[in-house]
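K.L.:
Sequence:
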Amino acid sequence: LNNASHLTPNKQNRAKSRKQIVSIASFNERFDFNLLEKLASLLPEYGFHLYGWILNNSPDIQQAMGRLTNNHHNIVYHGPYTNSQLDLILYEYDIGLLPYIEKHILTRYINPDKLYHYLCKGLEVVSTPIPQALEMQEHLHLASNATEFADKIKTIHEQRINRNNNSFHLTHNWNLRMNEFLKHICQPAQ
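The sequence shown begins at 2 in this note's numbering and counts up one residue at a time.
Treat the hints loosely; a few may be bogus.
Pairs of lysine-lysine, DSS-like flavour, derived with a Cα cap of 27 Å [said to hold, decoys possible]:
no.: 1; residue 1: Lys104; residue 2: Lys184
no.: 2; residue 1: Lys20; residue 2: Lys39
no.: 3; residue 1: Lys20; residue 2: Lys184
no.: 4; residue 1: Lys39; residue 2: Lys184
no.: 5; residue 1: Lys39; residue 2: Lys104
Think of the hints as simulated: they come from the structure by calculation, not from any bench.
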């Protein structure tokens, strides 16, 4: 069974002109801190808001996060969140990022929840081409480096190039997944 989200698009249409970008994550060695640092330098007029856990309070990851927030006025780390807060958090943004390291062992098989949360909430998504993003590429924007990320973000805002048609939640919600699961376990043995 595929992944899903409990979120739905915003009921009110918002102007897609806010220059604030979100990344929800478990921050660990698969998160591309260097890419985000370069992106923040390329787009100083944009705010990059990070929500999530520093996995195992890793000193290396804490140092990388500190470097980001200390060296870039436009990067803000908000700390951990709960799933019940996601609806309100994501309401404030138009674009969600997945800046993962492409050829990392931890990104080869992941199916990130955040990808489903972003798309179900109605956000445009810019992601590195990890395998799961490649499978879903008709719904999101792929970028391999900071320059490509910056170009995609500007294109989304300036030219209104959208890949998310706000219907993703209809086929990727937990009620549907539960029914699919029940159908599989309630089938008679063959």
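K.L.:
If a hint holds in the structure, say so; if it doesn't, say that too.
P.N.:
The hints, checked one at a time:
no., hint, in the structure
1, Lys104 / Lys184, "violated (36 Å)"
2, Lys20 / Lys39, "holds (17 Å)"
3, Lys20 / Lys184, "violated (44 Å)"
4, Lys39 / Lys184, "violated (47 Å)"
5, Lys39 / Lys104, "holds (19 Å)"
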